[in-house]
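Chains as they are written, first to last, in this note's numbering: chain G, 517 to 865; chain P, 517 to 865.
Derived from the structure by calculation, the hints contain no laboratory data.
Some hints could be false.
Identical chains share a label here; the pair holds if one copy fits it or two copies do between them.
As the list claims (entries may be wrong) - DSBU-like cross-link-like pairs, simulated, lysine-lysine; straight-line CA separation at most 35 Å:
| id | residue 1 | residue 2 |
| --- | --- | --- |
| 1 | K603 | K532 |
| 2 | K727 | K828 |
| 3 | K710 | K603 |
| 4 | K532 | K717 |
| 5 | K532 | K727 |
| 6 | K603 | K717 |
| 7 | K603 | K721 |
| 8 | K727 | K581 |
| 9 | K828 | K754 |
| 10 | K828 | K710 |
| 11 | K710 | K581 |
| 12 | K581 | K754 |
| 13 | K532 | K828 |
| 14 | K717 | K828 |
| 15 | K754 | K532 |
Here are the chains, one letter per residue:
There are 2 protein chains.
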Amino acid sequence: MRIAQVAPLYESVPPKYYGGTERVVSYLTEELVRQGHEVTLFASGDSETSARLVAACQRSLRLDKHCQNQMAHHFVMLERVFQHADKFDIIHFHVDYLHFPLSRRDGITQVTTLHGRLDIPDLAPLYQEFCEMPVISISNGQRDPLPWANWQATVYHGLPRNLYRFRPEAGRYLAFLGRISPEKRVDRAIEIAKQVGMPLKIAAKVDRVDKGYFDSVIAPLLRDSLVEFVGEIGDIEKDEFLGNAYALIFPIDWPEPFGLVMIEAIACGTPVVAYRGGAVPELVEPGHTGFIVEGLEDAVEAVRRVAGLSRKRCREVFEQRFTATRMAHDYVQQFEHLIARNEEVSEAA
Amino acid sequence: MRIAQVAPLYESVPPKYYGGTERVVSYLTEELVRQGHEVTLFASGDSETSARLVAACQRSLRLDKHCQNQMAHHFVMLERVFQHADKFDIIHFHVDYLHFPLSRRDGITQVTTLHGRLDIPDLAPLYQEFCEMPVISISNGQRDPLPWANWQATVYHGLPRNLYRFRPEAGRYLAFLGRISPEKRVDRAIEIAKQVGMPLKIAAKVDRVDKGYFDSVIAPLLRDSLVEFVGEIGDIEKDEFLGNAYALIFPIDWPEPFGLVMIEAIACGTPVVAYRGGAVPELVEPGHTGFIVEGLEDAVEAVRRVAGLSRKRCREVFEQRFTATRMAHDYVQQFEHLIARNEEVSEAA
Chain G
517 MRIAQVAPLY ESVPPKYYGG TERVVSYLTE ELVRQGHEVT LFASGDSETS ARLVAACQRS
577 LRLDKHCQNQ MAHHFVMLER VFQHADKFDI IHFHVDYLHF PLSRRDGITQ VTTLHGRLDI
637 PDLAPLYQEF CEMPVISISN GQRDPLPWAN WQATVYHGLP RNLYRFRPEA GRYLAFLGRI
697 SPEKRVDRAI EIAKQVGMPL KIAAKVDRVD KGYFDSVIAP LLRDSLVEFV GEIGDIEKDE
757 FLGNAYALIF PIDWPEPFGL VMIEAIACGT PVVAYRGGAV PELVEPGHTG FIVEGLEDAV
817 EAVRRVAGLS RKRCREVFEQ RFTATRMAHD YVQQFEHLIA RNEEVSEAA
Chain P
517 MRIAQVAPLY ESVPPKYYGG TERVVSYLTE ELVRQGHEVT LFASGDSETS ARLVAACQRS
577 LRLDKHCQNQ MAHHFVMLER VFQHADKFDI IHFHVDYLHF PLSRRDGITQ VTTLHGRLDI
637 PDLAPLYQEF CEMPVISISN GQRDPLPWAN WQATVYHGLP RNLYRFRPEA GRYLAFLGRI
697 SPEKRVDRAI EIAKQVGMPL KIAAKVDRVD KGYFDSVIAP LLRDSLVEFV GEIGDIEKDE
757 FLGNAYALIF PIDWPEPFGL VMIEAIACGT PVVAYRGGAV PELVEPGHTG FIVEGLEDAV
817 EAVRRVAGLS RKRCREVFEQ RFTATRMAHD YVQQFEHLIA RNEEVSEAA
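Can you build the whole structure from these sequences, using the hints too?
Spelled out as structure tokens, the structure:
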């Protein structure tokens, strides 16, 4: 199949640092190539891929100090995509709604994976206007604000099978990995660790916008002797960090549309204790890969019960449900549906 | 003529506070209606106009605390515009390049006035890609970074003839009006006032992004007894503020694409002492409506020479060159060209 993958230009594919969308686009692209498809990746010029790369700008925009108008680069990229549309059987967009005006008019076979939260009031009129656009969700929960959109499927994210190493022995600390921001609730993780009396390691970046929150709310809590703040970490350190933990604490307070770190943890065999919200009930299997909790007391109890879970079972669930191979198969199935449907429409016309 | 005016949604038309683009769109729209055209204004719902208003969102986005995704509203508005495209003889856009992908494909008669600075490196590839789009500049200087664009004309901004009152008597203070930001160089205005020994009144807003600059660089300079900081002012106060001044000081340090305040000053009869840059040489007529200077010494000398200028002549130049009536005539002429050309193309096809 001739597939175009169209990534955002904010980060390279894969990203040098943080960047969930571009990371997933990379996993998917590489796996599609491995499965024998002819893949073209539209992305920033500092991306690395075994697909054919069409560089829409030299450098990823978030790291480019000279970039003042990110939208302009996306508009240029979309023109390139549509100029070559007849070379692809399917175009798979990861740039939210930016291409909708073009896709509506050009009648190509296309689909969009929506990677972000959709509960922002501004978005409803937009997706209503473009309600015929085929879209794929990354969790069922993500769809709640826009149930009437033209949903094709939910395709859960997947990771390369060997990216994270299975570790059969449980570690002795709790792990928190993510951004420090109010909705990620690292303060809850600290409170849980204190109540359980287990060390907590926090690997997290602090965005400029969250600096005030970090300084005033979180920094004082880090003084506890049980808490260790290790800062932002890369892919290799992440494998160690998650794999050597007793459990991942995922104490979110917002409708997280996916939450990659949960499947990264179970890929290592590390169970997850997560607060209910967003995709959590779809990713965590209580009693198998972790527990879903409703409050602090519940969370403390769950952490204690993690000792009874099988790390091997966590890894098994990962291999069944959350590999890049499974993700790519799911997408190819959706691509096939869309191509077949468009051919029917063309023949009828 | 059936004309659509498509405004940005950041401010209402006219804006409640600051907002050059939306202000000019308002002047133009009202004048086109007055001249007997059938005008439809696409703008935020809190706009006020004698044209037919199509509200693309309830409130202007910059004042809407709940707005998190401004682009989504613009995308919805553009779909509305194109759904009704056959009801207009011409569509006049003021939203930069946002409609280019649509205009390219829909073959309507349209033109865009570019209101912003064009010397941002990100913009060149974009305007290159869309180099067939007809565009209008607001000064010749604005075109410099993109000389190969499909420029139709320069149309200078204009003001309603009676918005500012002519005052024959020269005042006794220098006036600075605008934002406090590094490129506006209010520090130069203060230095000029001190050297000349004349009071300076500063009417200016301080954006959040410029707060640090204001506190550290400008605030200490305001302690001089010659300097009075009056803060942000509205339209009515502006008439008094500019009209009662001896001269407007416009000491910019960037390629300002127009500079409305210069024509507002001469509408009152108040001459302008401006640093060379951007549109200044096109708007200020040395020895008539003010002086163009290259440095501090030059500026001080020019301020002294303002006493020899005729305030009546300033007003005359305003009435000849910078009324909304003249602006609307210029635009209608461009609209007629574009409509005629599109009819030729249609007939040839």
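Query raised in the report: Taking each numbered hint in turn, which are not upheld by the structure, reported in ascending numerical order?
Result: The structure breaks hints 2, 3, 6, 7, 11; every other hint is satisfied.
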